[in-house]
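Read off the chains here:
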Amino acid sequence: MKSSKSIFRIVFGAYLALFFAYMFLPLIFMTIIAFNANEVPQITPWKGFTFMWFGELAKDEQMWNALLNSFIVAFAVVAISVPIGLGGALLLTRLQFKARDFVYGVLVSPILTPGIILGISTFLFWDSYMNVPGGLWTAILGQATFITSYCMLLIMSRAQRFDLTQEEAAFDLGATHGQVFWKITLPFLRPALISSVALAFMQSFDNYNTTLFAIGVEQTLPIYIGTKLRSFISPAMNALAVVFIALTIIGAITYEYRRRRELIKTG
Amino acid sequence: MRDFWNNALRDLGKIGVAYIMITVGAWLVFMILIPQLIMLDYSFRPMLALRDIGGPKDVWTLKNYLVFFTNKLHMAIFFKTIWSSLIVTSAALAICYPIAFYLAKVARGGKVGLLMLGLIIPYWINELLRLFAWQIILADSGIMNQLLIFLGIIADPINFRAGNGAVVLGMTYAYILFMVFPIYNVMESLDRNQLDAARDLGASWLRIHRKIVIPYAKPGIAVGCTMTFMLAAGTVAAPQLLGSPSSFWFTQVINTNFECANWNQGAAYATLLMLLCMIFMFIMLKIFKVGLKELTQ
Amino acid sequence: MGQDVNLADVSMRFGDFYAARDINVHIEAGEFFSFLGPSGCGKTTLLRLVSGFMDPTKGQIKIGGKDMRGIGSNNRPTAMIFQNLALFPLMTVTENIGFGLEVRGVPKAERIKKVEELIELVDLQGVGNRKVSELSGGQMQRVAIARALAVSPAVLLLDEPLSALDLKLRHHMRAELRNIQRRTGVTFIYITHDQTEALTMSDRVGVMSIGKLEQVAVPDVIYNNPATAFVASFVGETNRLQGTISSIDGEYAVLNTAIGQLSCKNPQRLSQGEDATIFIRPETVFLTKESGAPNLLTCGIKNLSFEGAYAVVTLKTEKEQLLTMRLNNDGTAPRIKTGDNVKVTFNRENAFVLKNGDSSSA
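Chains as they are written, first to last, in my numbering: chain A, 1 to 267; chain B, 1 to 297; chain C, 1 to 362.
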């Protein structure tokens with residue numbers, strides 16, 4: 001019994017190692033390539049250590065333009081998705097009506113719908129019927145369609161744990177609906193709202209499938225990357241990847257650091 | 001009906017109710033329902049020049065759909081997409097199940113956080129860039145080929161991109177998180193004591209998994225598989241980057257239609273894709289006997 | 001200062017279910033009034049109707065003479081103390097207490113002063129800056145009370161506020177609540193299922209069965225002169241025997257029961273031949289050596305439970321009927337033990353016969 005357990009442990013340990021190698025090696029390769037002075041993005045032949053691809057990336061105006069668009073779209077999506085998600089969460093957790101489960105299903109359906117279909121339908125609607133050609137506006141709406149669903153779910157899970165007698169008490173003491181919401185309900189929901197903002201921003205910034213079909217000729221960063229990768233591959237893209245990786249690692253470290261600090265504080 | 005409004009106003013006030021109705025209404029009508037209906041409408045209309053719209057030629061027709069059923073190539077692509085997506089889903093499930101179980105039940109506190117972070121970090125990097133990484137690895141002069149040649153397994157570089165292998169591999173890589181998390185979430189709530197008790201009674205690990213863990217984790221597995229399948233069938237990125245004309249994906253067919261401004265045809269194909277996803281989801285729900293409510297991220 | 005509360009023909013219906021039916025009661029200004037009844041009898045519903053969380057399906061509620069229909073809870077001169085206290089967890093004690101003043105726009109300086117006064121009143125000095133989660137049960141109670149009093153309500157509504165506290169604290173808080181009520185003169189409407197609480201704290205008590213108000217009276221009368229069978233069984237320990245009225249004698253009646261003819265008071269003026277129940281309180285049953293007294297019963301002692309200040313004796317009559325008797329430990333009771341045969345009796349002044357109604361199994 002004992003020996004089979006340790007064999008199992010070794011095997012599983014190897015499996016885990018392999019799994020994480022599978023996850024991380026591609027990224028490590030990407031990083032190395034970004035510093036290789038080889039026009040063809042590969043690790044070998046190694047032609048010397050260089051920063052030139054970063055320079056090339058920085059000079060690419062199209063990239064900066066796409067980056068700017070990504071931010072614009074992301075901010076707009078957050079501004080739409082979080083308030084509407086809040087509305088949806090309130091509707092489903094506070095109001096009782098017979099069709100509730102059905103409405104829940106419909107409001108959650110965008111998550112289950114393939115991104116390209118959201119992009120297509122949004123584009124068709126606004127381009128043909130509303131005379132708004134494909135562009136940032138349609139991309140924003142296409143993304144917001146499903147990102148709102150995510151926000152709604154996030155806020156709902158928090159809202160469901162809210163003790164309603166607190167609102168009753170606040171009323172009883174003379175507060176108006178607005179005061180109750182602002183002073184009692186909203187502070188409680190705040191953590192979920194903050195997470196929603198972060199989630200919405202990241203999902204929007206990262207989105208490809210929906211944006212591709214909704215955005216017409218404009219570009220956000222993922223669209224730019226997609227176009228670039230399909231035409232002419234250059235290590236400048238690796239440089240971009242390294243930027244992403246670096247930011248992610250910094251983000252992860254900051255998050256972990258803050259979390260540990262919180263634990264120490266409350267521990 | 002009156003009760004509903006009375007209670008709503010009493011609970012949330014006039015402004016609150018108005019806010020909810022307006023925001024959710026706008027979202028529901030203008031972003032969810034109407035665009036879908038319009039896409040559906042488009043799919044039933046023939047492609048017309050601008051001046052013909054609204055005229056006599058603008059009729060409802062099934063032509064766009066019939067085109068699909070008569071086009072052998074497109075049908076082949078469609079079924080190949082389904083098949084490959086199933087492979088992706090199965091592969092992801094096979095890989096992720098042990099990981100999810102380990103995270104949920106075996107790993108101890110601090111380790112879990114670290115491993116989770118290890119899982120999540122790659123996903124903060126754009127999907128396209130991650131697929132690009134595989135593009136590099138699987139290129140003719142890429143690491144994979146170099147390694148295989150170095151080991152003497154092959155003599156000439158394999159063109160990984162011809163055929164679906166690369167696409168499937170890339171997708172599995174890209175969607176692992178969507179399979180791990182739902183399963184992990186469900187497994188987490190499984191009482192550790194049940195497993196210990198079963199062990200105590202002499203059950204083998206295989207049996208424990210088959211009889212206890214898997215039935216319990218069914219909702220998570222269903223969600224994970226549904227999401228993975230739909231992402232695989234419905235994505236454009238991976239096929240575009242890792243595929244070749246011979247491994248065309250159905251979504252790319254749709255894309256081509258749009259690039260050629262045949263929106264009607266594209267809409268029809270998109271609707272077919274949507275139907276496919278819905279059918280798959282229903283099958284999943286039936287197999288695993290799960291309700292629609294199991295959705296947590 | 002307190003105001004009076006009047007409920008006229010108040011009914012509350014939920015679908016087919018009546019939570020409250022034809023409630024009529026007038027609560028005086030400055031009174032400590034309790035609604036007493038088992039769980040589900042509708043007392044919480046009444047409280048919520050008075051506080052304004054819902055309007056009754058029928059009837060009228062007036063506070064201070066003013067009809068309250070359509071007026072929401074935030075506009076009524078009431079404040080409620082919830083069963084779970086509903087303190088605001090993200091706020092400190094001071095912020096909680098000052099909340100009602102804050103939402104009315106009372107300027108900060110004035111607010112701080114009032115909050116301090118209240119902290120003094122409820123004896124909570126020193127914890128003002130603590131978060132609510134750091135307080136003990138008793139302290140949280142007092143915060144809830146102070147918070148409610150801060151808005152100077154005319155009527156304070158209390159929903160079983162002491163049920164979560166341990167015994168000693170409960171006794172202490174009962175006295176405190178009574179004190180606060182007397183000092184502020186606010187009308188208190190208190191609901192509870194604990195009869196000791198209701199009887200010791202209140203000026204008057206309203207006893208409720210399912211949705212109905214059975215009797216409204218001062219505690220003494222509720223206990224000694226219950227108006228219905230329900231009140232008689234719910235309040236206090238009692239011996240209950242069914243029977244038929246065999247004769248009437250002015251205020252009194254004789255009931256023919258399984259253990260014999262028993263004479264007692266007849267407050268409901270029931271007539272001969274009616275089926276009724278006789279209620280005999282255990283503390284009114286006593287041992288006797290006389291024979292030939294009315295209400296004389298020969299019993300065997302089945303069980304003797306010594307409880308300190310008194311002993312509870314379970315008696316078994318010749319006809320196998322069980323009775324409870326309470327003997328005070330004042331040195332006068334003869335020494336008896338289980339298995340003895342004794343003669344007991346009770347004065348017909350202390351027993352009464354009432355119409356059969358829904359008795360509670362309290």
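Heads up, a few of these hints could be off.
[Claimed, not checked] Output of the computed footprint for chain A on chain C, the stretches with three or more beta carbons under 8 angstroms from beta carbons of chain A: (1) 64 to 74; (2) 138 to 152; (3) 204 to 211.
Keep in mind the hints are simulated off the structure, nothing from the lab. As the structure is a prediction and not an experimental result, all values here were calculated from the model. Here a beta-carbon is modelled for each residue, glycine too, at the ideal position from N, C-alpha and C.
Hints and how they fare:
| no. | hint | verdict |
| --- | --- | --- |
| 1 | 64 to 74 | holds (count 3) |
| 2 | 138 to 152 | holds (count 4) |
| 3 | 204 to 211 | violated (count 0) |
The earlier numbered hint that this structure contradicts is number 3, and it is the only one.
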